[in-house]
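Participant: Sequence:
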Amino acid sequence: MKKICFVLTVSTGLGYSTMFLPVNFSDNSDFKDYFSEYYDVSINYLRDKDTVDYLVVPDPYFPFENENKLPIIKVPAKFFLTRNFTEIKKSIDAYFASN
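For the sequence shown, our numbering assigns the number 1186 to the initial residue and increments by one for each residue that follows.
These aren't lab readings, by the way, just hints derived from the structure by calculation. Misleading hints may appear alongside valid ones.
Straight-line distance between alpha carbons at most 27 Å, and here's what the computed BS3-like set of lysine-lysine pairs gives [claimed, not checked]:
| id | residue 1 | residue 2 |
| --- | --- | --- |
| 1 | Lys1263 | Lys1275 |
| 2 | Lys1274 | Lys1259 |
| 3 | Lys1259 | Lys1188 |
| 4 | Lys1254 | Lys1187 |
| 5 | Lys1254 | Lys1188 |
| 6 | Lys1254 | Lys1274 |
| 7 | Lys1263 | Lys1188 |
| 8 | Lys1187 | Lys1274 |
| 9 | Lys1254 | Lys1217 |
| 10 | Lys1259 | Lys1275 |
| 11 | Lys1188 | Lys1217 |
| 12 | Lys1217 | Lys1275 |
| 13 | Lys1259 | Lys1217 |
| 14 | Lys1263 | Lys1274 |
| 15 | Lys1187 | Lys1217 |
| 16 | Lys1187 | Lys1263 |
| 17 | Lys1274 | Lys1217 |
| 18 | Lys1217 | Lys1263 |
| 19 | Lys1275 | Lys1188 |
| 20 | Lys1275 | Lys1187 |
| 21 | Lys1187 | Lys1259 |
| 22 | Lys1234 | Lys1254 |
| 23 | Lys1234 | Lys1217 |
| 24 | Lys1234 | Lys1187 |
| 25 | Lys1234 | Lys1259 |
| 26 | Lys1274 | Lys1234 |
| 27 | Lys1234 | Lys1188 |
| 28 | Lys1274 | Lys1188 |
| 29 | Lys1234 | Lys1275 |
| 30 | Lys1234 | Lys1263 |
| 31 | Lys1275 | Lys1254 |
Simulated DEER-style distance windows between Cβ atoms [unchecked claim]:
| id | residue 1 | residue 2 | range |
| --- | --- | --- | --- |
| 32 | Pro1248 | Glu1222 | 25 to 33 Å |
| 33 | Asp1225 | Ala1282 | 28 to 36 Å |
| 34 | Thr1267 | Tyr1223 | 18 to 26 Å |
| 35 | Glu1250 | Glu1222 | 27 to 35 Å |
Bear in mind that the values here come from a model prediction, so they are computed numbers and not experimental data. The beta carbon of each residue, even a glycine, is placed where N, CA and C say it ideally should be.
Please model the complete structure; the sequences and the hints are all you need to start from.
Facilitator: Put into structure tokens, the structure is as follows:
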């Protein structure tokens, strides 16, 4: 099973940045709950960057260092903001189908 990581929080060197409002920052477990049926999923890039195969990144997003040079699957940020899991999955599946 492909191990993907949703990059929802990154270190900026001075602190951490997220694309979500602070009230939504702490709990993104709904991503893990939904996508775990299809992939091995992480929602903690900072902790799991050494153990995943692909990064799923909202586009556009904050610049961050992809230290392990992992393949990046870009998904329109609007799907993350609206929590449109169907469209996020379509983007991920399209990436895998073309690579």
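Participant: Just to be careful, I want the Cα atoms of lysine 1259 and lysine 1188 compared with a cutoff of 27 Å; is the pair within it?
Facilitator: Holds. Lysine 1259 to lysine 1188 sits at ~16 Å (cutoff 27 Å).
Participant: Are lysine 1274 and lysine 1234 close enough, with their CA atoms no more than 27 Å apart?
Facilitator: With a Cα-Cα distance of about 21 Å, the restraint between lysine 1274 and lysine 1234 holds, given a limit of 27 Å.
Participant: Tell me if the straight-line CA distance from lysine 1234 to lysine 1259 falls inside 27 Å.
Facilitator: The hint holds at about 17 Å.
Participant: For the pair supplied as a hint, lysine 1274 and lysine 1259, is the alpha-carbon distance within the 27 Å limit?
Facilitator: 11 Å, holds
Participant: Please work out if lysine 1234 and lysine 1263 have their alpha carbons no farther apart than 27 Å.
Facilitator: Holds, because 24 Å separates the two Cα atoms, which is no more than 27 Å.
Participant: Is lysine 1254 within 27 Å of lysine 1188, Cα to Cα?
Facilitator: The given pair, whose Cα atoms are some 15 Å apart, holds under the 27 Å limit.
Participant: Can the restraint linking lysine 1217 and lysine 1275 be considered satisfied, given a maximum Cα separation of 27 Å?
Facilitator: 16 Å, holds
Participant: Within a Cα-Cα threshold of 27 Å, do lysine 1234 and lysine 1275 meet the stated pairing?
Facilitator: Judged against 27 Å, a Cα distance of about 23 Å means the pair holds.
Participant: Just to be careful, I want the Cα atoms of lysine 1254 and lysine 1274 compared with a cutoff of 27 Å; is the pair within it?
Facilitator: Measuring from Cα to Cα gives roughly 22 Å; hence the hint holds.
Participant: Check whether the Cα positions of lysine 1234 and lysine 1188 lie no farther apart than 27 Å.
Facilitator: With a Cα-Cα distance of about 11 Å, the restraint between lysine 1234 and lysine 1188 holds, given a limit of 27 Å.
Participant: Mind checking the alpha carbons of lysine 1263 and lysine 1274 for me, to see if they're no more than 27 Å apart?
Facilitator: 13 Å, holds
Participant: Does the Cβ pair aspartate 1225, alanine 1282 satisfy 28 to 36 Å?
Facilitator: 18 Å, violated
Checked against the numbered hints given earlier, this structure breaks only hint 33.
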